[in-house]
Amino acid sequence: MVPLGVGDLAVMRPDELSGLLAAIQGRGYTLLGPTVRDAAIVYGEIAGADDLPIGWTDEQSPGSYRLTKRSVGTFFGYAVGPHSWKATFHRPELTLWQAERQENGGFTIHEPVPQTARVALIGVRACELAAIRIQDRVLLEGPFADPHYAARRRDVFVVAVNCTEPGATCFCASLGTGPSVGSGFDLALTEVVTDTEHFFVAEIGSSQGAEVLGEWPVDRASRSQIAEATARTQAAADRMGRSVDARDVKEVLARNLENPRWQETADRCLGCTNCTQVCPTCFCTAVHDLTDLSGRTATRVRQWDSCFTRSFSYVHGGSVRRSGMSRYRQWLTHKLSYWADEFGSLGCVGCGRCITWCPKGIDLTEEIAAIRALDQR
Amino acid sequence: MAATAPRLAVWKFASCDGCQLSLLDLEDDLLAVAGAVEIASFPEASRAVGPGPYDVSLVEGSITTPHDAERIQDIRRNSRILVAIGSCATAGGIQALRNFHAVKDFVSLVYAHPTYIDTLATSTPISEHVKVDHELHGCPINKRQLLELLNATLNGRKPVISPHPVCTECKRKGIVCVMVAQDLVCMGPVTHAGCGALCPRYQRGCFGCYGPSDAPNTAAFASSLDFHGLPPEASVRLFRSFAAGAPEFRDQSLAIEESAKRSTSSKAGH
Ligand code: SF4
Ligand code: SF4
Ligand code: SF4
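Listed in order, the protein sequences are those of chains B and Z.
According to my numbering, the first sequence is numbered sequentially starting from 1.
According to my numbering, the second sequence is numbered sequentially starting from 1.
Any given hint might turn out to be false.
Below are the EDC-like pairs computed for lysine to aspartate or glutamate, each with C-alpha atoms no more than 20 Å apart in a straight line [as the list claims (entries may be wrong)]:
| # | chain 1 | residue 1 | chain 2 | residue 2 |
| --- | --- | --- | --- | --- |
| 1 | B | 69 | B | 195 |
| 2 | B | 69 | Z | 27 |
| 3 | Z | 173 | B | 93 |
| 4 | Z | 158 | B | 289 |
| 5 | Z | 173 | B | 45 |
| 6 | Z | 143 | B | 289 |
| 7 | B | 250 | B | 366 |
Read the hints as simulated data drawn from the structure, not as lab findings.
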């Protein structure tokens with residue numbers, strides 16, 4: 001049999017998934033993947049396929065997430081949850097450097113060596129690959145690359161999954177970021193469950209992916225198996241709960257900075273920061289300087305921050321964005337308008353997290369529609 | 001201890017001593033603190049009270065008696081830096097529930113000889129009486145924050161104490177939101193961070209013991225409670241616990257009562 005190569009499609013039975021994950025682990029990768037914890041499907045370290053949310057799904061709506069059992073034992077039958085891969089690469093908390101006072105009055109600086117994490121991400125969705133590409137653009141490809149992010153991104157194995165069960169808050173199809181993955185993976189799986197069969201179609205995205213899959217005899221996917229898989233991702237695109245008209249959203253928001261809708265939404269918005277923190281592309285941080293009690297050592301730490309706090313826009317004399325209105329407007333116009341001027345794409349991939357995980361259920365697709373309705377052209 | 005070590009004093013007003021105990025709770029770091037300062041007064045550890053002036057005074061408790069209202073003036077005069085610690089000292093504590101009622105009614109119910117009781121009509125935070133340099137929130141305060149505050153004060157820098165909502169701590173720790181995933185009532189979105197999201201970490205809603213975060217939208221939060229079917233009395237109780245006297249929480253609890261009254265009277269009118 002001709003060995004499988006990049007672009008080829010193989011077929012796998014569910015019981016082969018354990019072997020696949022073990023083969024990846026065998027190459028020294030720590031497996032990170034979806035798993036059930038605290039009433040949700042979160043990302044964490046997994047030992048193997050048994051730790052995946054087998055037979056679980058989620059029901060999502062603005063401000064609400066419910067973990068529920070399905071009648072079939074699917075491995076990937078749910079949408080994205082509260083976590084994103086952002087936390088893996090762009091750490092929520094990080095020590096940047098330490099300074100130590102010397103006897104002679106000077107000081108020395110110690111910088112921690114950026115840590116490479118040899119991780120395999122299991123079950124990465126199309127919107128998440130798009131989000132990682134956006135963060136790469138921001139944190140790696142600008143004039144000042146973040147060495148910590150760079151180190152953590154360096155050695156990553158990606159097992160992507162094509163979505164067949166979109167969440168009710170998803171809208172990747174309208175932004176062209178999903179539900180099927182295009183590139184940026186080593187392997188991409190589509191899970192197919194019919195009345196009589198349960199199998200995965202595995203697309204090979206890299207030579208490393210081919211090697212892993214080549215560790216045991218797998219068959220090429222048949223034409224009908226491929227058709228079954230494609231039909232399911234296509235159906236997911238058609239069933240997506242929400243949409244944003246991406247063609248002119250940038251211009252619409254840019255010309256509506258005084259739209260009355262901003263204030264109405266700010267009256268509802270808690271300013272709790274949840275939307276920005278669950279968003280897989282939001283990257284903002286604050287730095288703090290700490291000392292030890294003796295004052296001999298100073299430590300600079302970095303933490304995720306959010307444009308929903310007043311301190312975020314603090315400059316000499318006070319905060320620039322004093323009102324909740326200006327802070328909500330900052331978030332939405334950055335994500336779906338002027339991000340494009342800075343980084344060449346929108347800052348939103350349509351994952352729906354900010355809709356589901358907003359305690360008030362504020363829905364940016366609805367906000368954009370409301371602003372359009374009152375368009376101040 | 002250096003001869004010029006800054007002198008630290010701890011003072012107690014109407015409170016339970018839990019915040020002072022956080023100082024003893026510093027365990028390993030306590031030795032470092034004890035090495036860096038001279039502890040001039042600390043009733044929880046020793047009865048001896050050294051004379052002022054003090055470089056740093058940590059004040060626990062709220063002002064509830066005329067005598068205490070005078071005592072805090074004295075302490076302020078004798079302290080270079082005064083820090084209010086805990087919900088009692090920063091918001092009046094749970095005892096600020098009296099602010100919503102006539103205290104003399106309680107006194108006659110509770111005490112055999114009410115005439116012996118000399119108490120004020122309200123329980124108020126230290127900042128209503130004297131200038132406060134820093135506030136540490138929480139019931140009780142978090143020992144890491146206490147250490148950071150002492151540390152910053154001794155090193156002449158601004159303490160790194162974020163006034164952001166508790167949600168920021170949930171998200172940095174990867175805690176799944178209990179409000180969205182389990183429909184629990186959680187005060188996190190309007191509550192000052194600092195506890196490390198202790199309650200959500202154990203699958204409980206935050207009950208707001210740190211008091212209001214910076215610029216909280218309490219009205220929007222209250223309307224969510226209403227939306228989730230919480231009766232007004234229950235919403236009022238949420239805002240009226242350990243930080244009942246904090247202005248943002250106090251005003252919101254009064255507003256909920258007011259609107260509940262209006263809707264009952266309009267119903268009665270039909
Ligand atoms: S803005 Fe919302 S929908 Fe868009 S990527 Fe961020 S969390 Fe997802
Ligand atoms: S999650 Fe919702 S309520 Fe919280 S800051 Fe974002 S839009 Fe506002
Ligand atoms: S659990 Fe509470 S504090 Fe945590 S994110 Fe949810 S609402 Fe905020």
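Do the hints match the structure? See the list:
1. B/69 / B/195: holds, 18 Å
2. B/69 / Z/27: Roughly 46 Å separates the two Cα atoms, so the pair is violated.
3. Z/173 / B/93: holds, 9 Å
4. Z/158 / B/289: Judged against 20 Å, a Cα distance of about 9 Å means the pair holds.
5. Z/173 / B/45: holds, 15 Å
6. Z/143 / B/289: With a Cα-Cα distance of about 19 Å, the restraint between residue 143 of chain Z and residue 289 of chain B holds, given a limit of 20 Å.
7. B/250 / B/366: holds, 15 Å
The structure shown violates just one earlier hint, number 2.
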